[in-house]
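Chain F: place on chain B using the hints.
Protein chains: 2
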Amino acid sequence: MTLEYIPSLVRPSDSKIVLLLMDGLGGLPITPGGPTELEAANTPHMDRLATEGVLGQTIPIRPGITPGSGPAHLAVFGYDPLIYDVGRGVLSASGVGIKVNPGDIAVRGNFCTKDAQGNIADRRAGRIPNEEALPLVEKLKSIQIPGVELEVKHLKEYRFTVVMRGDGLNDQIADTDPQQTGVPSLPVTATNPAAEKTAKLFQEWVDQAHEILKDQPKANGVNLRGFATNPTLPQYKDIFGLKAACVAVYPMYRGVAHLVGMEVIEFSGESPEDEFRAAEGIWKDFDFFFIHIKKTDSKGEDGDFEGKSKVIEGVDNALPKLLKLEPDVLIITGDHSTPARMKSHSWHPVPLLLWAPVTGLPDSQSTFGERACALGGIGTIPATEVMPLALAHANRLAKFGA
Amino acid sequence: MTLEYIPSLVRPSDSKIVLLLMDGLGGLPITPGGPTELEAANTPHMDRLATEGVLGQTIPIRPGITPGSGPAHLAVFGYDPLIYDVGRGVLSASGVGIKVNPGDIAVRGNFCTKDAQGNIADRRAGRIPNEEALPLVEKLKSIQIPGVELEVKHLKEYRFTVVMRGDGLNDQIADTDPQQTGVPSLPVTATNPAAEKTAKLFQEWVDQAHEILKDQPKANGVNLRGFATNPTLPQYKDIFGLKAACVAVYPMYRGVAHLVGMEVIEFSGESPEDEFRAAEGIWKDFDFFFIHIKKTDSKGEDGDFEGKSKVIEGVDNALPKLLKLEPDVLIITGDHSTPARMKSHSWHPVPLLLWAPVTGLPDSQSTFGERACALGGIGTIPATEVMPLALAHANRLAKFGA
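Note that the protein sequences, when read in sequence, are chains B and F.
Quick note: the first sequence uses the numbering used here, first residue 1, plus one each step.
Quick note: the second sequence uses the numbering used here, first residue 1, plus one each step.
Since the hints were derived computationally from the structure, they do not count as laboratory data.
Hints should not be assumed to be uniformly reliable.
[Stated by the list, open to error] Here are some chain B residues pointing at chain F (derived, C-beta under 7 Å):
hint, residue
1, 347
2, 361
3, 399
[Said to hold, decoys possible] Think about it this way: if two alpha-carbon atoms lie no more than 20 Å apart in a straight line, the pair counts; the simulated DMTMM-like pairs of lysine to aspartate or glutamate are:
hint, chain 1, residue 1, chain 2, residue 2
4, B, 324, B, 313
5, B, 99, B, 266
6, B, 139, B, 149
7, B, 294, B, 149
8, B, 399, F, 80
9, B, 399, F, 177
10, B, 399, F, 85
11, B, 243, B, 47
12, B, 294, B, 270
13, B, 399, F, 151
14, F, 139, F, 151
15, B, 399, F, 273
16, B, 343, B, 306
17, B, 218, B, 132
18, B, 237, B, 14
19, F, 324, F, 273
20, B, 197, B, 151
21, B, 324, F, 131
A virtual CB, placed ideally from N, CA and C, is assigned to each residue, including glycine.
Next comes chain B alone, as it looks inside the complex (with noise of 0.2 Å):
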């Protein structure tokens, strides 16, 4: 809905607007009648914007919903997932620079250990560590088949990516993975006959990495999951009128922000001051910039409640850096909650702070943290209208009708 009508309000402005993201924010307290992650760190500089700025809470998807992270981030970005739907394959290439185009067919690789029998005895082959998957990914870039062009990259340990060019093409397929072990991996399939063609063709891939691997003591196998093709999601740059930037250290989130028309930054260092300092350093060529921080989640995942209180810390010791950028429009957010109690994400709604000098309606909140958003001046508000608040208050929206 929301991308329906921005567009046609969307007018030209001088203003800086930064989306400071802290993947899976959101928590809850770890003992009852604690403070959550967000509540314990010691944030004075946050606390400060959030007594000059506004507060509020996102619903990421709609109540209830635990987000992945291309979803969530796509509905902080302005895209609501339940329209636009972009596939597990796609994020994974878009996240190694890899560019799928539409029709180009991206899938998730995992390498995983077959006992003797054929039959998965490690879905992740012992998360074997980049060094060892490094060399076996180069094997795989041998693999030919007639009539379609390949490319292969490594991603992360034991996870790969493989996308297939050529006519005709049809994403309609079936994860290779069984999501269990002691039984073999599934055959390629078409989920629809269009896909058929397609299937066959990934089908030999398979065969001939399994070929390649056979010898290998840990990854002498492959699993493919979450086929997808280019959804051609609006680009940012039509539909907000932003020239936008993405500061972002893992692949995947660097992969999300290019699909929707941001340019990826590429900067050394992958500390909270590292990619201040990187946005420092386009901040004359950029409307739009969106830092992507990625250890709050990492944290949250492990059950580490204090490691993600020192992670936010960590950001807003850094954040004078920041500031000095003197953005018109800096929002302080993130894509979902990843509470250390839960170790996963969650659906819970997520801390937004909202500073803007200029034209920001102060509230009664004095500081960032769960509670405090939930009684600010924002209220509750589905993540994709982030987008369009963040625009008004950088003066880039026209008036709605006369």
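Just chain F now, with coordinates in the frame of chain B:
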């Protein structure tokens, strides 16, 4: 959406509902950390109602969207402006008291300056003042076109409105304003074959207008924008079962109220007391009273923070007169925000006060202001949900389902 399920639940009652709408009510602090216009105003009566009643805030269209006056009023009246589209021509004509019936075609006209080559040199004819524009509009009233009836009226400065009445007219016509200078006006062009006859008639009107204006120094041309007919909105009587009255001084708001089926009341004076007296005079004859206060918006547009507070204080001061009528439900809200600091309409949430002595669920708030409303018991709701809430508290909605 609202209008789809509400009508089936409506039931009769003798109750009286007052919607007291202060235009552009929402504001911003003029100094960091300071109060808003509403918070700064001394409003003992509204504060008492806030204590006894319940507060909330409304989103006029969607988060971040700044509404024009037409859409903003439609939203508070219960009509989602993204669904119910009232064209600029109809709003303009209704706004100066011209009745636009279904099938009539209304359009906004702008005087412009053409150069010797016939290209537009100034799209607003040097923003000529009312004194210069009025006699020109008088001349345009002399235009006659066989087979149709014409009504022309001045709006403000270089703006006027034209309404054409006749058989088989159609509003699917493009604007003639090219939105740039150095090029000629566009011919009147139908965007749908069904409107070709109407386009020809309006072209004839434009040709005659140019002949009349050709010797004018500044306003020697016209452009037409926003061709539209009465969208035949569902009427208040039918959807809400309400006999509704509009007490408003300004033509624009009387016009929108007329479009939804309210009876527009004639009365003398234009102070809040005058408006409340007008309501008193018709109290027995209606169920619903829309009372519109314009000057909160005007002062906001002027950037007059104190003036806007004073207007609110004036309304508060007159309130006992309204309360003496003993409405069953009193809603005090705005149609949108007009912060003096921004000198314009804005997208910020709008304060909402609902007072219903019998069924009101009091919250913890005891003053009427933006920050109190952000913490109010109603929460943050779309403006289109105000009417269902009012109907419920007025005992006018039956149970949904068994």
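Violated constraints from the hint list, given by number and in increasing order: 1, 7, 11, 13, 15 and 21
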